[in-house]
Each structure stands twice: as structure tokens, then as C-alpha cells.
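Asks: Now for the letters of each chain:
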Amino acid sequence: MESQRTYFAKAIIELGRRNPDVVVVGADTTESIKTIDFGKVFPDRFFQLGIAEPNMISVAAGLAAAGKIPFASTYSVFGAAHTYNIIRQNVAYTNLNVKLFCSHAGLTVGPDGATHQMNEDIALMRGIPRMTVLVPADGPQTAKCVDAAAEMRGPVYCRFSRTNVPTISSMDDGFSIGKAETLRDGFDVTLIGCGIMVARCLDAADALKREGIHARVINLSTVKPLDIATIDRAARQTGGIVTAEEHTIVHGIGAAVASVIVGNHPVPVGMVGVQDVFGESGEAEELLVKYGLTAEKIVETARDVMKRRV
Amino acid sequence: MATHVASKQPFGASEVIRTRAYCPGRSGRGTGAGRSMVDVSEDLIRGLKKKAVTLRKHIIRMTHNAQSGHPGGSMSACDIVTALYFHVLRVDPTNPTWPDRDRFVLSKGHACPVWYAALAERGFFPIEELMTFRKINSRLQGHPELGTTPGVENAAGAEGQGLSFSVGLALAARMDHKVWRTYCVLGDGEQDIGQTWEAAMAASKYGLERLTAFIDRNGIQQEGRTEDIMPLEPLAEKWEAFNWHVLTIDGHDFRQIFAAIEEAHRIRGRPTAVIARTVKGKGVSFMENKIKYHGAATSDEELKLALAELDAMEAAI
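Order-wise, the sequence lines are chains A and B.
Numbering-wise, the numbering used here puts 37 at position 37 of the first sequence, and it's gapless, one number per residue.
Numbering-wise, the numbering used here puts 127 at position 127 of the second sequence, and it's gapless, one number per residue.
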């Protein structure tokens with residue numbers, strides 16, 4: 001179990017050493033997100049802007065307009081929701097090179113409760129034209145998202161979790177934006193997960209295997225642009241899809257995947273995620289169980305999808 | 001209370017400007033403008049006045065042609081924009097993205113007719129293109145779009161974002177030890193918005209001395225007088241409390257505008273806010289101080305009257 005934030009913080013420092021145009025803006029959450037570490041190494045390239053996220057986003061846009069590569073980071077509830085129209089007008093409409101890397105996404109924020117559990121950010125961000133949306137599954141992928149975001153020109157939103165997550169990839173693995181990685185092959189059903197739910201999809205695939213069901217597992221680390229070819233192939237080859245996300249099923253990856261499937265090769269789809277409700281205080285693991293974001297729920301949904309198959 | 005400063009004198013910074021932390025002994029280390037704001041000839045002023053009338057005619061024609069848009073706030077900001085684009089800003093119409101250019105940011109995006117008119121007159125794109133404003137397939141969107149219109153530096157329309165954007169620009173310039181300056185024009189309606197004050201705090205925190213904000217204090221926003229909708233006064237004191245260097249001028253007096261810019265260039269360690277007292281709809285009698293013309297175009301009859309007034313004004317210069 002490792003912290004995505006630790007990988008993120010290391011990655012932006014390493015990127016900062018390679019590229020002097022990389023700058024970081026923060027909003028009074030820099031210690032917990034660990035961007036303060038970048039500030040210690042590059043004090044002239046780090047801007048603490050206080051509890052003023054709209055300003056932080058527009059300042060990042062201005063920095064980008066003058067050639068910098070700003071990473072704007074805070075908790076996703078503040079960075080993606082409080083700032084929605086700022087991102088829309090100042091970052092996406094302008095197509096500026098701003099990288100929004102937000103931690104503390106989803107239920108696993110835990111005891112802080114529903115005010116801080118951002119289960120709607122993927123929905124918000126994937127609806128904005130020109131936005132690239134990344135959801136890394138673990139620490140190494142979070143680091144890779146930093147490099148990949150910096151390499152591409154244009155706005156990027158990347159969300160990750162506060163809680164420590166199982167490491168399922170390595171720094172030696174390849175990563176490219178727009179490519180959904182097939183982690184396990186199988187032809188009976190497909191499990192498509194993002195973020196912390198990818199590890200749970202792998203656990204679910206193990207459980208299904210014990211029942212003789214061979215599940216394909218896909219890591220949808222890029223939510224936008226969607227890897228339509230990989231999703232379409234999964235629908236055609238396995239005939240049923242389960243999506244799993246630490247996010248509302250309203251306009252999340254389930255909806256994104258379903259729209260591809262409906263438009264190409266309709267097969268049954270089941271969605272594991274937050275069921276259009278707010279969260280509550282509790283430990284991360286307790287919340288995942290209570291709100292049905294478990295490997296068991298994925299297994300159950302997979303069985304249901306397979307039953308519904310014509 | 002901020003005071004409205006009349007300009008009967010030729011001018012002098014102390015005459016027109018409320019000054020704090022003014023350091024007259026220090027020479028400018030690259031004012032950026034490269035042109036004198038002090039030795040302004042009568043000919044130059046006359047030329048600028050004529051140019052401002054030309055821009056106002058464009059504003060009236062563009063919004064009439066579109067039968068929409070925001071003439072009132074475009075005309076109130078017209079003299080500030082004219083002063084900047086035709087005497088102050090170091091920009092290159094043949095190379096709109098020249099990295100060392102001064103940056104002009106229009107935070108009150110609805111006033112883009114004046115920006116487009118200035119850019120066209122300055123040679124960034126053909127003047128005929130102004131008549132495509134707000135039409136389908138045009139480069140001149142109803143509110144500014146970055147990357148589409150040559151010379152436009154920011155997207156605005158949702159208010160309150162431009163000063164923060166300017167802070168980002170000014171920070172980048174300072175990081176790179178560049179001398180270019182950032183000028184941001186804000187509306188007074190935008191003073192309602194929290195983000196404006198977030199930006200004000202950030203700009204003073206970082207001591208952005210190459211950032212100058214003009215507040216187009218025309219006193220009217222979409223639904224009424226600013227002081228009825230959301231009282232702003234004492235506005236100068238608010239900016240001072242946010243640690244800005246604050247000046248209050250007549251925003252239709254070129255000499256006062258230049259004096260303010262000259263002083264802003266001299267100030268060290270702080271950004272400067274210029275509260276420019278203006279008249280909404282300035283230049284056309286029946287539009288002046290009328291709430292209606294915040295967001296209403298002229299009728300065919302009004303167009304004729306307005307252009308006739310502006311012709312007469314031009315002839316009198």
C-alpha cells in the first residue's frame with residue numbers, strides 16, 4: 001500500500017529538475033498534498049495562493065499563457081468543483097497548458113465526510129471540451145501521469161486518492177494518455193476500473209476465476225479521451241461489461257463506457273460506484289464497503305451482467 | 001472617499017494622483033513603455049482624441065450591426081484602451097504573440113467591442129472584419145476568445161477572472177526577469193466578485209510592480225447603479241487596504257491616464273490600481289449614464305443620431 005501523493009510529489013520535483021518552466025501553485029493544502037516539497041526545492045517556482053482556488057486556477061492560466069507549465073494542486077472538491085467555471089473559461093476554453101492535479105478524490109477521504117468526498121469531479125471535468133481527464137490506479141501511475149501531462153500541450157485534470165492504495169504497476173511499465181491498458185485477458189466478461197477500483201477489479205477477477213469465469217480487466221487510466229477501440233473490442237469479445245469507479249455512476253466512467261458501447265456494439269453493462277448519493281464520515285475501508293465499492297460487488301455485478309446477456 | 005480629480009493643469013503626478021509610497025528619486029529600471037508619458041504633445045492628444053472617436057464609431061456600428069453586445073461599457077473604457085494601444089503598449093501587430101510584448105488583459109469581457117476596434121485600428125486584423133462581430137463563423141466572438149482573435153490575450157465573459165490571470169502573467173514575467181508589463185482593465189461591477197479580491201491579495205503578496213489595474217468606474221452594472229446593486233465605496237480605500245498603490249483619475253482625460261501610468265511605472269514593490277472615473281456610454285449624449293445601454297444595441301434611428309454626434313465631436317477636435 002502506497003501513497004499516490006508521495007509519488008506525485010517526487011515526480012513533479014524530478015520533472016522540475018528537467019524542465020525549468022514547470023511551476024506549482026497551491027491553495028493552503030500544500031503540505032498534505034506534498035507540493036510543498038517542490039516549493040522547498042524550487043522556492044522561486046512555487047506560489048502559495050491561500051484559500052482562494054478560483055484565483056489559483058486563473059493565476060495558473062496566466063502563467064501558462066506566458067509559457068510556464070503550471071501544476072495546480074489541491075483537494076479535488078476545491079480544485080475541480082469550487083472552480084468549475086474558472087477552469088471552463090480560463091483553462092479549457094483558452095486551451096492553456098495548465099495541469100490540475102487534485103488529490104483527496106472520492107469516498108476514501110474518509111472521516112472528513114461528504115463535504116470533502118468529491119464523487120462528481122470526473123463528471124464535471126469530462127464534460128468540458130478540450131479537457132484531458134486522468135485517473136491513475138496507483139503510485140507509479142500517478143508519477144507517470146505527471147510526466148505524460150507535461151509532455152502533452154493543453155489542459156489536463158488528474159484525480160487521485162488520499163488513501164494508500166495497492167501498487168499494481170511499476171515505474172518500468174509504459175504509460176500513455178488515451179490508452180486503456182488490458183491488465184488481464186479473458187473472454188467471459190470485462191471489468192473496467194479506474195483509480196483505486198482497478199485493484200478491486202483484479203481481486204474480483206481472481207474470485208471469478210475460482211468460479212471458472214475468465215474476466216478481462218482493463219485499467220481506464222484515461223477517462224478522456226476514451227480508448228474507444230479497447231472498449232469496443234471488449235464488448236465484442238466478452239459480451240458484457242462491468243465498470244467500477246470511486247465516483248458517482250452519474251456521468252462517471254460507467255456512463256462514458258456505456259455511451260461507447262451503445263453507439264458501437266450494445267451489450268449489458270453494470271456500474272459499480274456511488275449510487276447518486278452523498279457520502280458520510282467513516283474510515284476509508286468502511287465507506288467502500290457501505291457504499292458498495294468492493295471486489296464482492298464487482299463479482300456480483302459481473303454475474304448479473306452475464307445473466308442479462310442475450 | 002475617492003476623489004474625482006479634475007485636470008485643468010497640463011499635469012504633474014502630484015496634481016492628479018493620490019499618492020502613497022511614491023519614490024520620485026528612483027529611476028525606472030526599464031519602464032517597459034519606452035515612451036514618455038510626461039512629454040505629451042498637444043498633437044498627440046489631439047490624435048488620440050480622434051482615434052477614440054473612431055473607436056466609438058466602430059463600437060456603435062458593431063453592436064448595431066449585431067443588434068446585441070455591450071456598447072455602454074465599451075465606450076466608458078474607450079479612452080483608457082485608446083491611450084494604452086496607441087501610446088503605451090509595446091505590441092507588434094505583425095507578430096501578436098511576440099514573447100516580450102506588454103500584455104493587455106480585458107477582464108470585463110463584455111466590453112470587447114472596444115478591444116476589437118482598437119486591435120483593428122492598430123493593424124492586428126482588417127477593419128472590415130469588425131462587422132462580423134457576434135456573427136456566425138467570425139473571429140470576433142461575443143466575448144473574447146484566446147487564440148482566435150489576433151491580439152486578444154485572454155478569454156473573458158464570466159467576470160472576475162482577468163485580474164487573477166494578469167497576476168499569473170506578471171509572475172511569469174518576473175520569474176524570467178522580463179521587463180514587459182501587464183495592464184488589466186476591470187469593470188466596477190466586477191468589484192462585486194470575490195475572485196477580484198483574491199487576485200488583489202495575491203498581487204500585493206508578490207509585490208507585482210509591473211501589474212497595473214484600471215478599474216472602469218462608470219458606476220453602472222447590468223441591472224442598475226453599482227451603489228444600489230452592491231455598494232462599492234469607499235473603493236479606493238478598499239484597494240489601499242489590499243496594499244495596492246491607488247490612484248483616482250478622470251478616465252476620459254488622456255493626460256491623467258498617462259500621468260497615472262507614469263506613476264505606476266515608478267512605483268516599486270506594489271501593483272497599482274487606477275480607479276478611472278468614467279461615464280457609461282461616453283460620447284453619445286442619449287447613451288451616457290443610461291443603464292439600458294449596458295447591453296443594448298442602438299436602433300437604426302439611434303445609430304444615425306449617434307454617428308452624427310460622433311462626427312460633430314471629431315470635427316471639433
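Don't read these hints as lab results, they were simulated from the structure.
Some hints here could point you the wrong way.
Claimed, not checked - Estimated spans, in silico, between C-beta atoms of each pair:
{"no.": "1", "chain 1": "A", "residue 1": "Q275", "chain 2": "B", "residue 2": "P231", "range": "57 to 63 Å"}
{"no.": "2", "chain 1": "A", "residue 1": "T115", "chain 2": "B", "residue 2": "I317", "range": "58 to 64 Å"}
{"no.": "3", "chain 1": "A", "residue 1": "P225", "chain 2": "B", "residue 2": "V179", "range": "39 to 45 Å"}
{"no.": "4", "chain 1": "B", "residue 1": "G207", "chain 2": "A", "residue 2": "G67", "range": "18 to 24 Å"}
{"no.": "5", "chain 1": "A", "residue 1": "G174", "chain 2": "B", "residue 2": "M131", "range": "50 to 56 Å"}
{"no.": "6", "chain 1": "A", "residue 1": "P225", "chain 2": "B", "residue 2": "T148", "range": "20 to 26 Å"}
As the list claims (entries may be wrong) - Here are the simulated DSSO-like pairs of lysine-lysine, each with C-alpha atoms no more than 27 Å apart in a straight line:
{"no.": "7", "chain 1": "B", "residue 1": "K50", "chain 2": "A", "residue 2": "K40"}
{"no.": "8", "chain 1": "A", "residue 1": "K34", "chain 2": "B", "residue 2": "K205"}
{"no.": "9", "chain 1": "A", "residue 1": "K40", "chain 2": "B", "residue 2": "K49"}
Built from N, CA and C at the ideal position, the CB exists for glycine as well.
Asks: If you check each hint against the structure, which ones fail?
Replies: Numbers 1, 7, 9 - these are the hints that the structure violates, sorted from lowest upward.
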